[in-house]
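**Student:** Dock chain B against chain A, hints included.
Number of protein chains: 2
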Amino acid sequence: MYRTHYNGELRANNEKEKVKLVGWVSKKRNFGQLCFIDLRDTTGITQLVFDEAIAPKVKDVRNEYILQVSGTVEKRKDINPTLPTGEIEVIVDDVKIINTAKTTPLIIADETDALEDTRMEYRYLDLRRPIMQSRLKTRAKISRSMRDYLDHHGFLEVETPMLGKSTPEGARDYLVPSRVHPGSFYALPQSPQLYKQLLMIAGLDKYYQFARCFRDEDLRADRQTDFTQVDIETSFLSEQEIMDFTEEMLCKVMKEVKGIEVKRPFLKITWEDAMNRYGSDKPDNRFGMEFVDLGPMFAKSEFPVFQNVETLKGFVAPAFHASNKEVKKLTEFVKKNGGKGLVVFKMQEGTLSGPARKFLSDEDEKALIETMGANDGDTIFIVADTWRKACTALGALRNEIASQKGLKKPNEFSFLWIVDFPMFEWSEEEGRYVSEHHPFTMPKTEDLPLLDTDPSKVKTNAYDIILNGYELGGGSMRIYDNALQKKIFQILGLSDEDIQNKFGFFVDAFQYGTPPHGGLALGFDRVAMLLAETDSIRDVIAFPKNASAKDPMSKAPCPVDEKQLDELHIQIEHD
Amino acid sequence: MYRTHYNGELRANNEKEKVKLVGWVSKKRNFGQLCFIDLRDTTGITQLVFDEAIAPKVKDVRNEYILQVSGTVEKRKDINPTLPTGEIEVIVDDVKIINTAKTTPLIIADETDALEDTRMEYRYLDLRRPIMQSRLKTRAKISRSMRDYLDHHGFLEVETPMLGKSTPEGARDYLVPSRVHPGSFYALPQSPQLYKQLLMIAGLDKYYQFARCFRDEDLRADRQTDFTQVDIETSFLSEQEIMDFTEEMLCKVMKEVKGIEVKRPFLKITWEDAMNRYGSDKPDNRFGMEFVDLGPMFAKSEFPVFQNVETLKGFVAPAFHASNKEVKKLTEFVKKNGGKGLVVFKMQEGTLSGPARKFLSDEDEKALIETMGANDGDTIFIVADTWRKACTALGALRNEIASQKGLKKPNEFSFLWIVDFPMFEWSEEEGRYVSEHHPFTMPKTEDLPLLDTDPSKVKTNAYDIILNGYELGGGSMRIYDNALQKKIFQILGLSDEDIQNKFGFFVDAFQYGTPPHGGLALGFDRVAMLLAETDSIRDVIAFPKNASAKDPMSKAPCPVDEKQLDELHIQIEHD
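From first to last, the protein sequence lines are chains A and B. Quick note: the first sequence uses the numbering used here, first residue 1387, plus one each step. Quick note: the second sequence uses the numbering used here, first residue 1387, plus one each step.
A couple of the hints might just be wrong.
Copies of one chain are not kept apart here, so a pair can be met inside one copy or by any two copies together.
[Stated by the list, open to error] Here are the simulated DSS-like cross-link-like pairs (lysine-lysine), alpha carbons at most 30 Å apart as the crow flies: (1) K1523 / K1830; (2) K1527 / K1638; (3) K1488 / K1830; (4) K1949 / K1649; (5) K1721 / K1668; (6) K1482 / K1873; (7) K1641 / K1523; (8) K1443 / K1404; (9) K1527 / K1644; (10) K1791 / K1949; (11) K1949 / K1873; (12) K1638 / K1523; (13) K1488 / K1888; (14) K1873 / K1488; (15) K1845 / K1482; (16) K1461 / K1654; (17) K1527 / K1641; (18) K1872 / K1845; (19) K1463 / K1714; (20) K1711 / K1527; (21) K1686 / K1744.
No wet-lab data here; the hints were simulated from the structure.
One chain only, chain A, in its complex shape (with noise of 0.2 Å):
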């Protein structure tokens, strides 16, 4: 046996004990004669104490060298409260050097300057910060308890095939090409949708699978090549029963994992009410700064920039100043996030100022404030637009805002519902419908006649779980009838040839009995971010990939040999 106790157990009521010890020098000083050493394993830190009798056996020995030794475990004489561990100390009589170690490439401790490229290079020796592989260890138990809650409540985990067909109707396949059939390709799944589906029709009633879905987008903080997802399907329950389970899991989740009592039913809001408020889809509420609709006041303005527009509305933000510099920055941001441009008025001792200032009358400043609530020291921001113009701008100011101001705090959580999502977003680029969530969503009931009139105002029941601003994930009822699966394939513009090819045994398969169904997927690397207070899922991921897909370790992708392409009856085009 290589140790009797990890480094993070011992306590005082260990005293005397005669313990074996294994792990990683995470410091060493000297003190005269004497050596102190603090071993590191993943439980965490003990302090040796070598005697001038032994110490000389690790006069060589340096951090991250891996010793072995046994010892007597002593009360402190000086009490480190910040360790657990900290009352006691190892005296060492015996000490082995289990491996050596060079200098590493970067420091192993909880803050690190380590750019983050030398971190990915160097992966093993940045997990073995503590911060780290506390972050993998709140992943771990996050699974652990959204396992157990649907496991005890009667879902099967199924898993889905990894090499399926290439379906490019929502995001970018990542291909596989096939050695055995040549010119042929499977795709690596962008979810396990049609397959989920495909066991409810085949009866299994209540489905999960923590699965690996891949889509071959440019990288980002919150995104990956590949990603996880809890993958959920039921038959024969509603909406409503759908999201009821769904906040009983994440409760269990935020009491298990994070000690916290979240209370239920989850908030509510239409996907309309949220653009309006909050000018986001994923609206984080743990802030105000709610907008306020100015159409109605300024209707009758002589600002040009408020005159004949859709949409006019504005937020306060409340005690921010920001200067002339900052207000350009500003409206440079919004005009990036879409927007035509930001009217700021700035409050101080009852009055606004600002360069839009002199085009408001007495009676419509007194009214703004009013209507806004602004006091002193506060800003008033407002934009101009179409209406999704205006709120996805509005909305990402407030975000940026709220950032500037630290008031996304990491340790604070509110989940949400979005519900009664759009069915069909119109696509300028595409010149066609194109589906707010897939094409398998279940419109509403009441809204079918409009699929044959006006299909942008079809709503769904689809339903997204939002988490301080993010979408942790959603869901919808399904379409279980296949003369209406046909219909919506056809409003985004697939033709019966298309609709056969790429859909053809999925349509097909609702003629045998299938059930009224529905679910969900929740993105588990952003739960593990989020439970984890960090802003990257790069954090929550063992062997993530660069922003330009890369892995700085093994150097993936990379060119293979000639041989592999020709048995694969493929060949790379240089351009």
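**Tutor:** Chain B only, in chain A's frame:
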């Protein structure tokens, strides 16, 4: 609410309760004015009774229609003891047809004569068969039981990358072209081997993962394009400690999933012994037919086949009679499995017969009968060849005979360990040594000097776990010294440049304080197959590929759009 109960739930003590049920019509029969319907869901079947008042409402209902009914539970007059709900029936007072169904192309029943390709094309119907659902449930139960064990014993679940680096050392990689890095490719993981070892270097101590792994090899009954591996790695544990917790976990699974108490410790057989006695490195020891070494006995035999052979061994098939035609077939079988030929003696009335009898003296005959312990009605099989070929061919024959005699009972379970594997096997084909396990396996300390003199004699600290003649999994202690690791790569014929290109990041990692570590991986699909008492892993995979790596349901793999290939900088090479 769609239902108050599932269809497998109601018992006699529910008598007189008003219930609501929903499910698929499994059987429908009319008795005069009455109509009986068996309603099915994933939990079982309830018999519904429609009296003359309500029967007309289900006049057009056929199998696999989905019905929702409300009614009253009554005790049956004729109890059906084969059904858990056989004591009751539900007298229906209201019925709603939730969905209709076309006639299914396969019958929804445990017994099926549908072709496997039909079953796979309509997998969602195949999975409606209760036996298939029961297999998927067994699979999920095993996973749950293993996770419980691992979580409770301090193993941390960590997900490793799906898009990694191609290291064409083992099997053939599935490749994924990179869009961002033209001409570069990711590889889907053959196993998380390097990553799990890096997690040990990172100090994570005990790791597990249910990992999806990929090998682009030709398929067979126990092999798919991708498979699920229960991947485990630990630091600071001995080989024996790793074997101990594996046994403990498997015993827990056997108890929880099969209700069977398996005795510990499992039998441990050296590789050499297994080859000598069973001609296999994954012997099925549920039936005898162990080999007897006949070399000494026939050292001076005049039978040319027995002369000057490295190995002469045989076994007795008790109470086994093969016609001359069958003997011919078995001889062909031995040849197909690498043996030169087969000598067969049948025993009747205390004497042996067979074409080779004439080469035996009467003393030889007597000695052979005695040594082999043969009885009247038995057949003796003997093979003469080099050691490996004689063992392997005879091992295949032993398995074949056991199958023919029905000795492989799916509900009898025998676990054992194979240990002391050779490190290398000489590959005639490649003209170099190849790894018997993989190149990261730790050679036995006492054999280290043999690396320089006779690598073929080096044994390793590797261990395979066998169940009923299947390799459930295997593992080893790993090398944790980069000089030794490099030496092994060199013996395998890798140049320094190869090592640096393919494994550079990995051997470099060894320099920063690598702990002694080891682990194993279990083939989860095989575990599920054996515990589900079936002989094809396709029976425990929801949506498997067929023998040509195709999914008859979705038709994957498929041709893709030219545009997709352009984005990936590849084109199809037409031969």
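**Student:** Please go over all the hints and tell whether each is borne out by the structure.
**Tutor:** Verification of the hints:
1. K1523 / K1830: neither (41 Å within a copy, 34 Å between copies)
2. K1527 / K1638: Answer is both: 12 Å inside a copy and 22 Å across each meet the 30 Å cutoff.
3. K1488 / K1830: between (64 Å within a copy, 26 Å between copies)
4. K1949 / K1649: Neither: 59 Å inside a chain and 49 Å across chains, both beyond 30 Å.
5. K1721 / K1668: within (20 Å within a copy, 68 Å between copies)
6. K1482 / K1873: between (73 Å within a copy, 25 Å between copies)
7. K1641 / K1523: both (16 Å within a copy, 29 Å between copies)
8. K1443 / K1404: within (20 Å within a copy, 80 Å between copies)
9. K1527 / K1644: This pair counts as both: shortest intra-copy Cα distance 10 Å, inter-copy 28 Å.
10. K1791 / K1949: neither (57 Å within a copy, 45 Å between copies)
11. K1949 / K1873: between (46 Å within a copy, 27 Å between copies)
12. K1638 / K1523: The answer is both: 17 Å in one copy and 25 Å across copies each meet 30 Å.
13. K1488 / K1888: Between copies only: 22 Å across, 55 Å inside.
14. K1873 / K1488: This pair counts as between: shortest inter-copy Cα distance 20 Å, intra-copy 65 Å.
15. K1845 / K1482: For K1845 and K1482, the Cα distance is within 30 Å only across copies (27 Å; inside one copy 69 Å).
16. K1461 / K1654: Neither, since 55 Å and 46 Å both go past 30 Å.
17. K1527 / K1641: This pair counts as both: shortest intra-copy Cα distance 11 Å, inter-copy 26 Å.
18. K1872 / K1845: Result: close within a single copy only, 18 Å intra versus 63 Å inter.
19. K1463 / K1714: Answer is neither: 59 Å inside a copy and 85 Å across each miss the 30 Å cutoff.
20. K1711 / K1527: So K1711 and K1527 fail the 30 Å test inside a copy (46 Å) and across (62 Å) alike.
21. K1686 / K1744: Only inside one copy: K1686 and K1744 sit 15 Å apart there, 120 Å across copies, limit 30 Å.
In terms of the numbered hints stated before, the structure departs from hints 1, 4, 10, 16, 19, 20, listed from lowest to highest.
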